[in-house]
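Asks: Could you slot chain R onto chain W? The hints should help.
Protein chains: 2
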Amino acid sequence: MKFDIIITISLKEGMLNPEAEAIRRAIAHLGHTTEHLTTADQFRFVLDAGDKENAEEITRSICERLLANPVIHKYEIEVI
Amino acid sequence: MKFDIIITISLKEGMLNPEAEAIRRAIAHLGHTTEHLTTADQFRFVLDAGDKENAEEITRSICERLLANPVIHKYEIEVI
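As given, the protein sequences belong to chains W and R, one line each in that order.
Using our numbering, you'd call the opening residue of the first sequence number 6 and step up by one each time.
Using our numbering, you'd call the opening residue of the second sequence number 6 and step up by one each time.
This is chain W alone, in the form it adopts within the complex:
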């Protein structure tokens, strides 16, 4: 079976994020006030897997072995 997968990887709370700070300032220069600006990387793909549980397990393993650094990143998984 084929599943649509969405992985969103972001920095854990408390990690410095200079990119987010730069964007917050640039938006302020445009005249708009923002709070709690965070950045994330998103990956979407179609995955071949036996069932939904299996798809989730494979996706989790892809995150932990390849896409995320567990020391600094957290990740969200959607299996559709």
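Just so you know, these hints were derived from the structure itself, not from any lab.
Please note that a few of the clues may not be correct.
Copies of the same chain look alike in the list, so a pair counts if it works inside one copy or between any two.
Below, simulated DMTMM-like cross-link-like pairs (lysine to aspartate or glutamate); rule was C-alpha separation at most 20 Å, straight line [stated by the list, open to error]:
1. K57 to E24
2. K79 to E69
3. K17 to D46
4. K79 to D46
5. K17 to E58
6. K7 to D53
7. K7 to E40
8. K57 to E40
9. K79 to D56
10. K7 to E83
11. K17 to E83
This one's a predicted model, so the numbers in the text were calculated from it and none came from an experiment.
Replies: The following block gives chain R in isolation, referenced to the frame of chain W:
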């Protein structure tokens, strides 16, 4: 009023994405087959705006003037 904003920026269809191709191959090395792998940048923040329509307009302007390159990028906006 404050609104939660989620902006997702990705490459338009047909644009070369070497990062996505590299990830697809790395996942294949882990033994899993994926299709249609795409990458995107996501930005989340809280925005001060008069009403929801105004928040959407400001967010669109932030995308077009700052975050996205309209030649190569498309963007999705969520205002919550």
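Asks: Taking the hints in turn, state whether each one holds.
Replies: Hint check results:
Neither within a single protomer nor between protomers do K57 and E24 lie at most 20 Å apart by alpha-carbon distance, with minima of 35 Å and 27 Å respectively. Within a single copy, K79 and E69 get their C-alpha atoms as close as 10 Å, which meets the 20 Å cut-off; across copies the closest is 29 Å, which misses it. Taking the shortest Cα distances, K17 and D46 sit within 20 Å of each other both inside one copy (13 Å) and across copies (17 Å). Taking the closest pair of Cα atoms, K79 and D46 come within 20 Å of each other both inside a single copy (11 Å) and across two copies (15 Å).
With identical chains, the CA atoms of K17 and E58 are never at most 20 Å apart, being 26 Å at best within one copy and 32 Å at best between copies. Taking identical chains as interchangeable, the C-alpha atoms of K7 and D53 lie at most 20 Å apart only when both belong to the same chain, with a minimum of 5 Å there against 41 Å between chains. Proximity of K7 to E40 under the C-alpha cut-off of 20 Å is restricted to the inter-copy arrangement: shortest distance 10 Å between copies versus 38 Å within a copy. Taking the closest pair of Cα atoms, K57 and E40 come within 20 Å of each other only across two copies (17 Å); inside a single copy the shortest separation is 36 Å, beyond that limit.
Proximity of K79 and D56 under a CA criterion of 20 Å is satisfied in neither setting, with 24 Å inside one chain copy and 32 Å between copies. Taking identical chains as interchangeable, the C-alpha atoms of K7 and E83 lie at most 20 Å apart only when both belong to the same chain, with a minimum of 14 Å there against 27 Å between chains. Taking the closest pair of Cα atoms, K17 and E83 come within 20 Å of each other only inside a single copy of the chain (19 Å); across copies the shortest separation is 22 Å, beyond that limit.
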